[in-house]
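These are the residues of each chain, in order.
Protein chains: 2
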Amino acid sequence: MVEAGRATLFTDNRYTVQAWAEVHGAEVEITGKSSLVAAGARLASLRGRVRAGFAPEQVTVQQSTVVSQAAGKRVRWTPVAGAVEGLRGVKDAGEIAMIREAAILAGRVWVSVLKLVKPGVTEIELAAEIEYGMRMGGATGPAFDTIVASGPRAALPHGRASAKPLEKNELVVFDLGAILRGYCSDITRTVYLGRAPRKIKGWYAAVLEAQEAARAAVKSGVTAGEVDAAARRVLERRRLGKRFTHSTGHGLGIEVHEAPRLARGDQSRLAAGNVITIEPGVYIEGTGGIRIEDDVWVQDGGAETLSQARRELLEL
Amino acid sequence: MVEAGRATLFTDNRYTVQAWAEVHGAEVEITGKSSLVAAGARLASLRGRVRAGFAPEQVTVQQSTVVSQAAGKRVRWTPVAGAVEGLRGVKDAGEIAMIREAAILAGRVWVSVLKLVKPGVTEIELAAEIEYGMRMGGATGPAFDTIVASGPRAALPHGRASAKPLEKNELVVFDLGAILRGYCSDITRTVYLGRAPRKIKGWYAAVLEAQEAARAAVKSGVTAGEVDAAARRVLERRRLGKRFTHSTGHGLGIEVHEAPRLARGDQSRLAAGNVITIEPGVYIEGTGGIRIEDDVWVQDGGAETLSQARRELLEL
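Sequence order for the protein chains is P and S. Start counting the first sequence at 1; every next residue gets the next number (this note's numbering). Start counting the second sequence at 317; every next residue gets the next number (this note's numbering).
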């Protein structure tokens, strides 16, 4: 944005055709060299006082140096963290429809690979089947590297799929999402290979109860921290509070992680039209982990869960 | 690196298990909150003059602000662009073996999907088959979003796979790579659906000649710019110089884009043990594009091409 009401995308000639085809509502300037240098030069050419905002969470120190040197000393730079992301927080009906479709696709694909979940198959093979299924269902790709984490690896909240084969009597966490026409989904389901011992059934029930409590707490006007607390309270009551090592969820849209963050004590208020994940989990080092995640549309007075796959513990 | 000879990885408790399992040669400090704050605090606790380097091409302005505030005014910060990447430029024999395996896998998978390349199949379906094949071949995933670009879309050097179905009498560009045990490959092949017109055969021959000329120019001691010039000279002689809108290649390793960059006029010298891509291309807006890319191991007095799939024009 170099003048009030006018937007320009600066890009280089690798993207000429794509920019003309895909950019709406902004001018396109194709530059022979660095688009940062071109953007800086444009700012330098403006008359009067020039103040430029930038996204400090996106721009590297190097990029910042290049663009501000090109703009010269007359341009004053102001970091405006979250400004662009904030514009995307409230989704319109068309965006909700696309996230819903992406969420349903992810759930359907997860259900379709359950028949392959047995001892001997590797985590990578299952991840490959999931990503293949999402693409065949119309996705342009996965929204992130699909997580399939079994046995002790399920204790890694961010463990990607590995070459480890599944074994009998293990928990298996699936965390997957699709990008469908530009919008992301993000769901998690956990299954047990074999007959689950009573202890694991107890953990699973606690996570599910926490997840339902958090989903029930969602409506416009509540703080992100209140939704997080609803999940955390259930797990603390079951003496699992310390096993829940991450936040309850995050916004979702054209990026898989957007504002708001549903972290402990977060005071930002949910608004009708936000789409957020609700994903409490417990992680027991050496044994495994359990996480259940759905995508939820914040509304006035309540919420609607967009993802649909069943949540009860499956013993396969 | 907070003291000479000692390295510490600061990370948070989401990564506890993974850090202990995967980090070698460094201490691990798990922090309850931001790892940047913890790293800054450690620097602040050191005695004497403290100078800290950081990677300005990796660190965002926001991260830089957080860590430097935590470290306080006594710590002096110096951007050291490319320092970490530079350490990785020369690969040892084990690393070469892994890149070779990843390159051969990518080529094999590309050959295996050729039987599916016919009018009506969509770009996304082919990309899904390719990524599925790479994973079933042992890859932890694709090294980047697989490009399948057909017809006019082939004129987009960075066009991802779309829902467009392939049509008769089109060029189709495949740009794919696998991550195998942490190392990336990156190859490109272009085919024609139908009998290629003479003009397209001419363009293809020019790109192949440019690619071979650039590969023949590779050896330790030459500059990156000389290799780029070898490809560019061939295309300029064929009046296609302006159609070659990007650089000739880039380094390859644990990241798919590493130093060195094989750009016009680049004065950095290739060293034995570098692994680089050689990927000239021509792009004709409205018609399509042709790119041929291989992974090349720089040696004293020459080079070895690690990727193996055939390079002659296939008319399918």
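Because the hints were derived from the structure by calculation, they are not lab data. Predicted model only: the values in this text are computed from it and were never measured. The beta-carbon is built from N, C-alpha and C at its ideal position, and this holds for glycine as well. Worth double-checking, as some hints may not be accurate.
Covered by chain S, per the in silico footprint, the following chain P stretches (three or more residues, Cβ under 8 Å) [said to hold, decoys possible]:
| # | segment |
| --- | --- |
| 1 | 37 to 44 |
| 2 | 117 to 129 |
| 3 | 204 to 215 |
| 4 | 293 to 303 |
Simulated pairs of lysine-lysine, DSBU-like, Cα-Cα distance not exceeding 30 Å [to be verified]:
| # | chain 1 | residue 1 | chain 2 | residue 2 |
| --- | --- | --- | --- | --- |
| 5 | S | K558 | P | K33 |
| 6 | P | K242 | P | K168 |
| 7 | P | K33 | S | K535 |
| 8 | S | K480 | S | K434 |
Derived Cβ-Cβ restraints for the label pairs, each shown as a range [said to hold, decoys possible]:
| # | chain 1 | residue 1 | chain 2 | residue 2 | range |
| --- | --- | --- | --- | --- | --- |
| 9 | S | V396 | P | N13 | 26 to 32 Å |
| 10 | P | A26 | S | R555 | 33 to 39 Å |
| 11 | S | A413 | P | P197 | 39 to 45 Å |
Problem - Ascending list of hint numbers which this structure does not respect - result: The structure conflicts with hints 1, 3, 4, although it agrees with all the remaining ones.
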